[in-house]
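When you get a sec, could you build the whole thing from the sequences and use the hints?
Keeping their order, the protein sequence lines are chains V and Z.
For the first sequence, my numbering begins at 48 and goes up steadily by one.
For the second sequence, my numbering begins at 696 and goes up steadily by one.
Hints are computed from structural coordinates only; laboratory data are not their basis.
A few of these clues could be false.
Interface residues of chain V toward chain Z, partial, derived using beta-carbon atoms under 7 Å [what the hints assert, rightly or not]:
1) Gly76
2) Pro91
3) Phe93
4) Thr96
Restraint-style ranges between C-beta atoms, simulated for each label pair [unchecked claim]:
5) Gly747/Z - Gly141/V: 44 to 50 Å
6) Arg140/V - Ser733/Z: 25 to 31 Å
7) Lys104/V - Val790/Z: 29 to 35 Å
8) Ser66/V - Gly747/Z: 41 to 47 Å
9) Ser75/V - Asn754/Z: 24 to 30 Å
Since this is a predicted model, take the numbers as computed values, not measurements.
Beta carbons are placed, not taken as given, at the ideal position from N, Cα and C, and that holds for glycine.
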Amino acid sequence: EDQVTQSPEALRLQEGESSSLNCSYTVSGLRGLFWYRQDPGKGPEFLFTLYSAGEEKEKERLKATLTKKESFLHITAPKPEDSATYLCAVQGRGSQGNLIFGKGTKLSVKP
Amino acid sequence: DSGVTQTPKHLITATGQRVTLRCSPRSGDLSVYWYQQSLDQGLQFLIQYYNGEERAKGNILERFSAQQFPDLHSELNLSSLELGDSALYFCASSVAMVGGSQETQYFGPGTRLLVL
Numbered sequence: 048e049d050q051v052t053q054s055p056e057a058l059r060l061q062e063g064e065s066s067s068l069n070c071s072y073t074v075s076g077l078r079g080l081f082w083y084r085q086d087p088g089k090g091p092e093f094l095f096t097l098y099s100a101g102e103e104k105e106k107e108r109l110k111a112t113l114t115k116k117e118s119f120l121h122i123t124a125p126k127p128e129d130s131a132t133y134l135c136a137v138q139g140r141g142s143q144g145n146l147i148f149g150k151g152t153k154l155s156v157k158p
Numbered sequence: 696d697s698g699v700t701q702t703p704k705h706l707i708t709a710t711g712q713r714v715t716l717r718c719s720p721r722s723g724d725l726s727v728y729w730y731q732q733s734l735d736q737g738l739q740f741l742i743q744y745y746n747g748e749e750r751a752k753g754n755i756l757e758r759f760s761a762q763q764f765p766d767l768h769s770e771l772n773l774s775s776l777e778l779g780d781s782a783l784y785f786c787a788s789s790v791a792m793v794g795g796s797q798e799t800q801y802f803g804p805g806t807r808l809l810v811l
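Okay, structure coming up:
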């Protein structure tokens, strides 16, 4: 059964304090790993798709990396507006395209 | 703005009632997915439609059903509602090229359902 585990559940950072969020997954043939950002009461906002181990993608202060068992979302010099819940999801070869989501990491960045 | 629209934004109803949630996918997207998000379960896949046909089912209750119309909008019908059905319901859409290549799903703003 495809599964996604995210850690930590919650993370508090000071503005400018870099850190990483972890997403561990088990899937029968990875088609894609997705990172989303979700603000309270809003829909998930797409950030990145990673397809194969070794791949990296960057967007502003965020960088996503992928290995065969996990993905990291690195946040460099975060700002208060980066506060949100970050969701990781996988799409397996056995699926018709639906995503299996982790429970997310709630990030708070204090000024 | 993802380009996916959902109505209504909020819905308050009583146990035993039936409601319909509506979703319009992004222009050009043929595939629509429905997800339920509750505080304890996170985002759970319910059902997927591609160009009007059901493609996959997840943890969808028998009391729930969905369809996708010729104009590609989709409706999720929830009946005999229970207190535990209170949640955020999201629709997502993707291009979903024939052959199932990797595809990115873009989510709508969601419908918050409260069953009293």
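Outcome of the hint check:
1. Gly76: It is violated, given that the least Cβ distance between Gly76/V and chain Z is near 12 Å, above 7 Å.
2. Pro91: Holds, because the Cβ-Cβ distance from Pro91/V to chain Z comes to roughly 5 Å (cut-off 7 Å).
3. Phe93: Nearest chain Z Cβ about 6 Å off; hint holds.
4. Thr96: holds, 6 Å
5. Gly747/Z - Gly141/V: 44 to 50 Å: violated, 23 Å
6. Arg140/V - Ser733/Z: 25 to 31 Å: At roughly 28 Å between Cβ atoms, Ser733/Z and Arg140/V fall inside 25 to 31 Å, so the hint holds.
7. Lys104/V - Val790/Z: 29 to 35 Å: Roughly 19 Å apart at Cβ, these two residues miss the hinted range, so it is violated.
8. Ser66/V - Gly747/Z: 41 to 47 Å: Since the Cβ atoms of Ser66/V and Gly747/Z sit about 45 Å apart, the hinted range of 41 to 47 Å holds.
9. Ser75/V - Asn754/Z: 24 to 30 Å: Given a distance of about 18 Å, which is not inside 24 to 30 Å, the answer is violated.
Comparing the model with each earlier hint shows violations of hints 1, 5, 7 and 9; every other hint is respected.
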